Every structure is written in C-alpha cells, then in structure tokens.
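J.: Build out the structure end to end from the sequences listed, making use of the hints.
Keeping their order, the protein sequence lines are chains L and H.
Each residue of the first sequence is one higher than the one before, counting from 1 in UniProt numbering.
Each residue of the second sequence is one higher than the one before, counting from 1 in UniProt numbering.
Rather than coming from a laboratory, the hints here were simulated on the basis of the structure.
Keep in mind it's a predicted model, so treat the numbers as computed, not measured.
Certain hints may be false.
Below, simulated EDC-like cross-link-like pairs (lysine to aspartate or glutamate); rule was C-alpha separation at most 16 Å, straight line [unchecked claim]:
| id | chain 1 | residue 1 | chain 2 | residue 2 |
| --- | --- | --- | --- | --- |
| 1 | L | 277 | H | 175 |
| 2 | L | 293 | L | 316 |
| 3 | L | 430 | H | 175 |
Residue-level listing of the chains:
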Amino acid sequence: MRSRPTTLLAAAGLIGAVALSACAPGSNSDSGKSSAPTGQVSTDPSKMGDVTLTVWDQEIRGGQKAQITELNKEFQAKYPNIKLDRVSRSTDDLNTTLKLALSGNTPPDVFQANNGRPQMGSFVKAGQLVPLDRYADAYGWKDRYPESVRQYSSYSTDGKTFGTGSLYGLPQVGEVVGIYVNKAKLQKAGVSMPQTWDQFQQSLATLKAKGELPLVLGNLDKWPAIHVFGTVQAQNVQPDAIRKLGFGQKGGSWTTPENTKAAQTLVDWVDKGYLSKDVNGLGYDPAWQGFAKGKGVYLIAGTWLQADLGKQMGNDVTFVLPPSASGSPAATGGTGIPWAISSKSKHPDAAAAYINFITSKDAMAVLAKTDNLPIADTAAQQAPNALGKDVFAAFGTAVQKNALVPYLDYATPTMSDTIGAALQDLLAKKATPQQFLDTLEKDYSSFVSSNQ
Amino acid sequence: MSTQQVARARRTSTSPARARTRSAGPPGEPRRIAYLYLLPAFLVYAAFLLYPLGRAVQISLYDWDGNTLATWAGLDNYAEVVTDPALRAAFGHALVLVFFYAVLPLVVGLGLASILNRARVRGLPFFRTVIFLPQVVAMVVIGVAWRRLYAPDGSVNDLLRAVGLDSLARGWLGDYTAALPAVGFIGTWFEIGLVTVLLLAGMGRIPGELYEAARLDGAGPVREFFAVTLPSVRGEIAVALTLTVIAALRTFDLVYITTRGGPGQSTSVPSFEVYNRAFQQGRVGSAAAVAVVLTLIIFVISFGITRVAEREGA
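T.: So, in structure tokens, the structure goes:
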C-alpha cells in the first residue's frame with residue numbers, strides 16, 4: 001500500500017508529540033501567591049521610583065477610547081516616573097488571550113477582566129489576581145463604591161462564591177437595564193408615563209389596541225431577551241432571591257411560583273402581540289435602530305445605547321428604571337469590565353495607584369464628558385444631553401436604593417448559553433414556562449452542587 | 001467504437017506515460033538523503049501541526065478550565081460527546097450542512113459547468129469570474145450580508161411578498177425549521193463558484209475527439225454527459241467534494257455571525273461548540289474532545305472520498 005510509510009510516520013509523530021507534552025495541562029502555571037500580601041501600601045506614585053506598568057484594556061471604541069486616552073495622558077503628565085505601556089485589544093481578543101497571558105511568566109500588571117466566573121472567577125481560583133481590599137481601605141474606595149456595585153467584582157478567596165468576599169476589580173462605568181420610552185408616540189397615543197408595573201402592562205394593551213408596536217425586541221443574537229426577562233423577573237421576585245440565582249450562590253431555586261409568573265408574563269406578551277414580530281429572527285442592532293427611527297414605543301435595553309439613541313432621537317426619548325410593582329425599584333444591571341492587578345506584578349502599589357487615578361472623582365467627570373456612564377458620583381455629573389441626564393439619574397437612583405440585581409447569565413459558566421437558548425424556546429413557544437424553568441434549574445443546581 | 005470503448009481507449013492512452021516514469025525508478029539521491037531534504041519541512045509540520053494535535057488529544061483527556069491544574073478525566077469528555085444530546089445534535093447539523101455545502105453545489109456546478117463548456121459562450125471569462133466571486137469575499141462579510149437579506153423585513157421576504165408568497169415570508173434565521181437550511185443555503189451559494197470553476201477546468205481538458213466519436217456513435221447531449229464528461233472529471237469531483245465537505249464540517253464563522261447556534265440549539269455546529277466551550281465556558285478539555293472527534297470525522301470522510309475516486313479511476 002502506497003500510503004503506509006506516511007501513515008506510520010504520522011502515527012509516530014503523534015505519539016512523540018504526546019510524549020513531549022506529557023505533563024498535565026496547567027501544571028506549569030504556578031498558582032501565583034498563595035497568601036494575600038499584607039502590610040502598609042504606598043499611595044504616593046511620585047515616590048515609587050521609575051516604574052513601567054503594562055496595561056491591557058479593551059477601551060477601543062468612541063467614548064471609551066476618548067476617556068482612557070485623556071486619563072492616561074493626565075496620569076503621565078502628573079507622574080512622569082511611571083511609564084504606561086498600553087496594549088489595547090477588542091473585547092473578544094482580550095477575552096481569548098488574557099487567560100494564557102496570566103498563566104505565563106510575564107503577565108500584564110493591570111488589565112480588564114470580565115466579572116463573570118469564566119474570567120475573573122477562574123483567575124481568582126488560580127490565585128492570579130491581587131485582592132484589592134487593602135487598597136480599597138487606603139484609597140477610600142468603599143465610601144465611593146457602594147456594596148451594590150462592589151458585589152460585581154467580589155469573590156471568596158477560593159473563587160467559588162461570587163458576589164461577596166474580597167474585592168478583585170474596580171470598574172469605571174456602570175450599566176443598568178431600563179426602559180427607553182418614545183415620549184412623542186406615547187403622548188400621541190394618549191398614554192401617560194406609567195408609574196407602576198401594572199400601569200406599564202396596561203399601557204402595553206392600550207398601545208396595541210391603537211395599532212402601535214408596544215415593545216421592541218430583536219432576539220436573533222440570543223442574549224437580548226435575557227435583559228427583558230430579567231426586567232420582568234425583577235418585578236416579580238425578591239431581589240435577594242435573584243442575586244442568589246444570578247451569582248450562582250447556593251440556596252436558590254428557579255422553580256418557584258414567582259419565577260413561573262415572570263416567565264408566563266413574557267409568554268402572555270408574545271400571545272398578545274406586544275413584542276416585535278419574528279422576535280427570534282430580528283437582530284439586536286436592527287431592532288434598536290428601528291426604535292430610533294420611530295418604530296415601537298418602548299425598548300427594554302441597557303444604558304449603553306444612550307449615546308446612539310440620544311443623538312438620533314433628541315428630546316423624543318427618555319430612559320426610566322422599570323416601574324416597580326412593590327414601590328422599591330429593581331433592575332438588572334452591573335458594571336463595565338473592571339480593572340484588576342496580576343499577582344505576579346512587581347509593582348502592585350503603582351498598579352493600584354493607576355486604577356485609583358482612572359476611577360477618581362476627576363476621572364468620573366472625564367467619563368461623563370466622553371459619553372460614558374460614570375459608576376461613582378453619578379448624580380453629581382454634568383450629562384451630555386437630555387437623555388444622558390435621565391440615564392445618569394436612573395443609574396444614580398438604582399445604586400442609591402440598592403436596586404441592582406445581576407445579569408442572569410453570570411450564574412454558571414454555561415448559563416449564558418442555557419438561558420439564551422431557553423428564552424428563544426420560550427418566546428417561540430417551543431417550551432412552556434415550566435419546561436423553561438426546569439432547564440435553568442438543571443444548569444443552576446448541577447453547578448451549585450459541583451461547586452461545593 | 002462504442003462510447004465505452006472510447007472511454008477505455010482514453011484511459012489506456014495515459015498508461016504508457018505512467019509506466020515509463022515508474023520503470024525508471026525514483027530519480028535523484030538515495031532514500032536516506034532524500035529524508036534529509038524532507039527534514040526542514042517535517043520540523044515545521046511537527047512544530048505547528050503534530051505537536052498542537054498531540055497536545056489537543058492530551059488535553060481532551062483532562063478536565064481543565066484553562067489556567068488551574070487540570071484533573072485527569074480519562075475518556076469522560078468523549079463519553080459526553082456521544083451521550084450529550086445537544087452535542088450529538090451539533091454533529092447532526094454538520095451533516096445536514098454537508099448536503100448544502102457539497103452535494104447541492106456539485107449537482108448545480110456540474111450542470112452549470114457543462115452548459116458553459118458546451119455552449120462556448122462569448123465572454124466566458126466574465127461569467128467564470130462572476131460565478132467565482134463569492135469565494136473571494138471573506139466569510140464574515142458574507143454572513144453579515146445574508147443576515148440582512150434574511151431579516152424579517154429583508155430582501156428575501158420583500159421578494160416573496162412581491163410575488164404574492166406572503167405566507168412564506170418569515171424571520172428566516174429565527175425560525176426553528178428554516179434556520180438550518182437558510183444557513184446551509186449561504187454555503188451552497190458560496191461553494192457553487194468553486195465547484196463550477198474546478199469542473200470547468202477539468203472539462204476544458206477533455207479532448208474534442210472524444211465528443212466527436214461519441215456523437216458519431218449517436219449519443220445525445222445527456223448520453224455524452226454521462227459517458228464522456230462525467231468520467232473525465234472524476235478527479236475534479238473528488239477535489240471539489242473534499243474541499244466542500246471539509247468546509248461544511250468545520251463551519252464556524254457563518255454560524256457565529258448569523259445565528260450563534262440559535263434559535264434554541266437548532267443551528268449549533270461542532271466548531272462553534274469548540275469555541276464556546278474553550279473560550280466562553282472555560283471547559284477546555286471538553287472543547288478539545290469535540291475538536292478531536294471532529295478532526296477524526298473529517299479525516300475519515302475525506303480519506304474515503306479520495307479512496308473511492310482513486311479506485312474507480314484506476
């Protein structure tokens with residue numbers, strides 16, 4: 001047979017390759033420092049000598065790029081002894097390369113690590129991040145960043161519990177999912193701004209009866225419906241119960257009457273034609289772009305659309321927290337990607353000083369000026385336009401009233417896929433609310449029991 | 001001469017040339033030195049292909065999150081590939097895509113190529129370029145463009161409504177039965193050009209006398225196609241099938257851009273699962289197992305195609 005020598009050679013090569021790489025994957029990445037460093041930290045960058053900090057970030061678009069460029073420039077001007085070596089990548093690129101970089105010998109000193117378990121959680125588990133509590137005390141971060149914001153970058157030191165424990169990252173910007181309202185259309189239909197959840201649901205019926213599309217949703221990308229369901233859930237389920245489920249902490253349950261009611265509400269909306277037609281076939285971007293051009297009255301979406309919608313719709317649009325059923329508001333929300341420090345960094349104090357600089361009071365003003373949503377001192381900032389003002393006020397209220405509940409896909413490493421697909425099934429009526437919740441419960445409980 | 005004799009005559013006419021090179025023995029240096037020449041290429045191949053492949057096989061035997069110490073899992077990850085209904089479905093979807101990426105373009109391509117070849121149309125290079133054009137465009141761009149075409153108020157639905165087929169209009173990529181064929185059809189559109197140009201090149205090499213002889217024997221265009229054209233381009237068919245089948249099985253970009261595996265799980269494919277598990281979920285061992293199984297399937301299928309083509313061609 002002609003092919004035999006090549007086959008043999010390939011087989012031999014393969015065996016050789018396996019033999020070469022015989023040690024277990026991950027064994028060459030020593031697990032960083034096992035005990036957290038203690039003692040005084042230095043908070044005066046000008047006395048730290050000549051230092052080079054390698055910084056990996058994903059602030060590459062529009063306002064994000066503008067703010068980090070300006071803050072870096074100010075930092076360099078103020079502390080010429082600390083040189084910043086900035087490496088910027090797209091979010092996806094950072095996501096796929098950070099893990100390898102951190103397990104190598106020369107990781108970046110400061111970087112942005114996504115809050116969720118697959119990123120920050122696994123870095124904490126591997127001992128690759130410096131706990132920031134000492135710096136938080138030294139710089140007074142805990143006074144400016146309330147618990148409801150810090151929970152999103154807090155883990156137990158073994159990385160197993162998300163939402164409480166040590167602080168491992170500090171974000172610059174905030175996010176909250178609320179309702180964008182086309183004020184002009186609402187007025188034309190003779191509906192006043194809903195103040196309670198019941199009024200909101202009634203207004204959906206009224207708008208539908210008047211031939212309007214009440215609620216815009218494009219769910220082709222799988223994740224947008226997570227925000228809509230989260231909003232409905234927050235009006236039906238206690239915030240603490242949602243936090244247990246959302247952070248994947250033990251002791252929660254998806255299969256409760258309250259969650260069933262939330263899922264049933266969503267199905268009712270589909271049945272009554274409140275949502276966009278072909279909801280699973282419509283893309284997220286075309287959906288909100290359509291809303292900006294006057295299609296639909298409500299859009300449940302995050303504060304990240306503020307800049308675009310504000311520019312296109314001017315005074316016709318406003319943003320509100322979901323009107324609450326109980327009187328105290330609750331909304332899905334979170335933070336921008338937080339900044340963290342590598343446990344292998346030789347200059348953790350300088351790294352912390354940099355993070356402090358880009359999250360300081362002055363930095364928040366820069367963030368507001370560049371079309372971002374500053375996470376701290378939000379209400380005190382000058383908003384860029386009318387919509388921006390509404391967004392800042394809504395987020396300020398949410399933080400102040402401890403109303404933020406986590407994105408539901410944070411719960412387990414697989415939940416993003418599970419809930420994305422399950423919601424498409426629910427909206428297309430391929431699954432009943434009960435089947436939908438069973439699917440989520442299975443993912444949640446199998447993770448919780450293996451995470452002991 | 002019957003058409004069969006023609007075909008036989010054609011085959012034997014090539015064999016003396018082949019025999020001559022054989023009898024001369026391998027030219028050049030003796031074996032041992034020849035291997036030395038191969039060494040540089042082999043080193044590159046080993047470093048960038050064999051080593052990563054071996055490493056992937058090894059990782060697939062572990063339970064690994066990508067940065068902490070892995071724990072030995074034996075064949076658990078492979079067991080999951082077989083038992084997990086979602087993963088099995090993903091492989092099933094890949095096989096459906098083979099029909100759209102390979103079988104359909106081959107049938108259409110054969111028809112197109114023999115028409116273009118027979119008709120001796122004026123401006124053939126122009127048509128060839130137009131047909132080949134999709135191959136030049138990056139898959140990501142194609143995905144974005146088709147996503148717009150398939151949108152609920154996109155061009156496909158506009159067209160259906162314009163001809164009165166309103167009942168067929170739908171959000172194609174969000175429809176549980178239509179999504180997979182819709183994605184597959186993009187593949188058909190993409191691969192037809194490659195297959196047609198490959199086959200055209202093959203058909204261009206068929207000596208005109210064969211057709212003449214067949215026509216003298218009273219063969220019509222259809223008989224001519226099956227007796228002369230089809231056997232002559234068997235090699236090109238094998239190449240086209242190998243390329244398109246591999247493209248179908250490893251589809252990633254198209255699904256990533258258009259549906260992300262949805263609605264539900266109805267368009268998930270193995271490559272997308274590999275990406276998802278390795279980079280989104282931190283289940284690197286499981287991702288490697290899916291990748292290894294996919295590699296094996298691709299290897300077996302493409303090996304099968306070349307073997308069948310060779311045996312029938314000999």
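J.: Decide if the proposed pair is consistent with the structure: residue 293 of chain L and residue 316 of chain L, CA atoms, cutoff 16 Å inclusive.
T.: holds (11 Å)
J.: Is it true that the CA of residue 277 of chain L sits at most 16 Å from the CA of residue 175 of chain H?
T.: holds (12 Å)
J.: Between the alpha carbons of residue 430 of chain L and residue 175 of chain H, is the straight-line distance 16 Å or under?
T.: It holds: about 11 Å lies between the C-alpha atoms, which stays within 16 Å.
When the structure is compared with the earlier hints, no violation turns up for any of them.
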